[in-house]
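Those protein sequence lines, which keep their order, are chains U and D.
Heads up: the first sequence begins at 1 in my numbering, then just goes up one per residue.
Heads up: the second sequence begins at 1 in my numbering, then just goes up one per residue.
Hints are computed from structural coordinates only; laboratory data are not their basis.
Please note that a few of the clues may not be correct.
Each pair may be met inside one copy or between any two copies, as identical chains are not told apart.
[Said to hold, decoys possible] Derived pair list, reagent style DSSO-like, types lysine-lysine, alpha-carbon separation capped at 30 Å: (1) K56 <-> K76; (2) K118 <-> K161; (3) K56 <-> K136; (4) K136 <-> K161; (5) K118 <-> K76.
As a plain string of letters, each chain reads:
Number of protein chains: 2
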Amino acid sequence: MNIAIVGATGLVGRTMIRVLEERDTPLSSLTLLASGRSAGTVIPFRGKDLVVQELKPDSFHGVDVALFSAGGALSKEYAPIAAASGCTVIDNSSAWRMDPDVPLVVPEVNASDAFLHKGIIANPNCSTIQMVVALKPISDAFGLKRVVVSTYQSPSGAGQKGLDQLNAELAGSEPTVRITDHTLAGNTVFHTIGGVGESSEEETKMIRETRRIMHLPDLPLAVTCVRVPVLGGHGESVAVETLRPCTDVDVRTLLSSTPGIVVMDNPVHAVYPTPAFSNNTDPVYVGRIRKDESVENGVMMWIVADNLRKGAATNAVQILETLLEQQ
Amino acid sequence: MNIAIVGATGLVGRTMIRVLEERDTPLSSLTLLASGRSAGTVIPFRGKDLVVQELKPDSFHGVDVALFSAGGALSKEYAPIAAASGCTVIDNSSAWRMDPDVPLVVPEVNASDAFLHKGIIANPNCSTIQMVVALKPISDAFGLKRVVVSTYQSPSGAGQKGLDQLNAELAGSEPTVRITDHTLAGNTVFHTIGGVGESSEEETKMIRETRRIMHLPDLPLAVTCVRVPVLGGHGESVAVETLRPCTDVDVRTLLSSTPGIVVMDNPVHAVYPTPAFSNNTDPVYVGRIRKDESVENGVMMWIVADNLRKGAATNAVQILETLLEQQ
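Looking at chain U on its own, in the form it has when it is part of the complex (with noise of 0.2 Å):
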């Protein structure tokens, strides 16, 4: 199996490189391509040093899976090019997501779909991603009415330029590349907003995303997507009204055991899951879940993962993975 990483410079292709080191997912050959800019880099790699190449039309011949992270307009370009060329895309940007023909996959929610692919496959937006895998099986098991869901993210899910602002700001030096006028260090802000009284980019990808996978075409959501200074991870505040009664007993006892999802949830002991001790690591974690006593059927839960590992990266590796297994 040759596998290329599109985009093998960025934050989230070299996390992806790292989980496929890490997860030991069997293949003959990584073969790394970015920009002419970043080409000629050396990565290390299972033991060798591998050199990044410039990506071009040609790129894809004899590739069989390529992951794709390099912006939404790159990968417009050269997925189809890739597919053409016989090679599976699993694409990490937003271009393919909604598109009827691309399966948008979480493997521990709808695995299945990979294999409904014509050559692309999406990869879901972070916060999404570790939101479905722990609303899934309350939603099996009870039913879902409807989510409210606040976020709380990390300015890496917008790439080395996120970080750079954030990390400048805090060493108190002027960024010299900004995502948002506003400070990021000591701050909230808000993702890119189309228009007076509209959701985010993020908050509608989060809306469509989460019926997309989930199957549920009209799951009433509401959704507030908010960056705060974190170097890593994600945080959601979520609250799940369920068609059936359940009580944070049931929710604990479920989600514990679900393979993907950690419980920590002892919080006398200040035993939660943070941001911080999301980072590097691929579960999705979940706490503070408590009997929501404001509706007749629902929990309240804290649902966190590292947006660059399962928000990106790792789940990449999982479809390619769960690809994998079906040869």
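Given the structure of chain U, go ahead and fit chain D onto it with the hints provided.
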């Protein structure tokens, strides 16, 4: 009118002095009181140097109104002593907030309750104050059915200790004081929580105090309180279900004409309130006002205020001014 501040050297006490200075609240004398440890500290006020005196049972002779911000235990002991000597206490701790004989007051919401006092008036929790200021006009116009709120709170809500831990961590040094064993910098944490499946102290305060201030004893609230690494200012992501139909336009118009509220809501140009912007100012800021399509009648909004000013010192001084206006 002779005024005293108890806890004058603390974070809120010092802010009370600054607010009194700025607002030209009419007063004949200002007495600064604190523990023996802080006695002797010199604090400038309206061109004079005031010397902090040690708090003693006889400190309140001749004092008309005392603003307390020195913790619950001290308020429990000294507020009745002050009240017995004819002084009216405006107490910023949580000690008296749920006492039926003690009014809990946010002047924009329930100013008239202040006059029912029997010597002690309670100043609500910071995160409660800013929320009820925004909820009150919506409640009056459309009725409240349910409120779901997730907070983004500065560690300064825990006093100087919280700021000291965060600042030490941001500077890369080991904190000498702590409000949590978790890291605050680059992380999100929760307030003190009593038991598994339970609300935190802060969450319980928001539920009980909101109901009491708004005279809605059964209002359903789902509350999650989170600390984020912000030096000053609390943010709140609030989803309000109303009894009667309302749109985001209705709410934007309504809040724009409500005293105490500044609407900042042009997200296309990144105009929305942030904690950094609110720092050292008095208004309650509201932005990101959106129709909530996930319920029959509802809106979502983002509420920000300086937790040390409107969330504590300014609200206490406004209660004082409410009493003075009546004289």
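How the hints compare with the structure:
no. : hint          : result
1   : K56 <-> K76   : within (14 Å within a copy, 74 Å between copies)
2   : K118 <-> K161 : neither (33 Å within a copy, 57 Å between copies)
3   : K56 <-> K136  : neither (39 Å within a copy, 60 Å between copies)
4   : K136 <-> K161 : neither (33 Å within a copy, 41 Å between copies)
5   : K118 <-> K76  : within (15 Å within a copy, 70 Å between copies)
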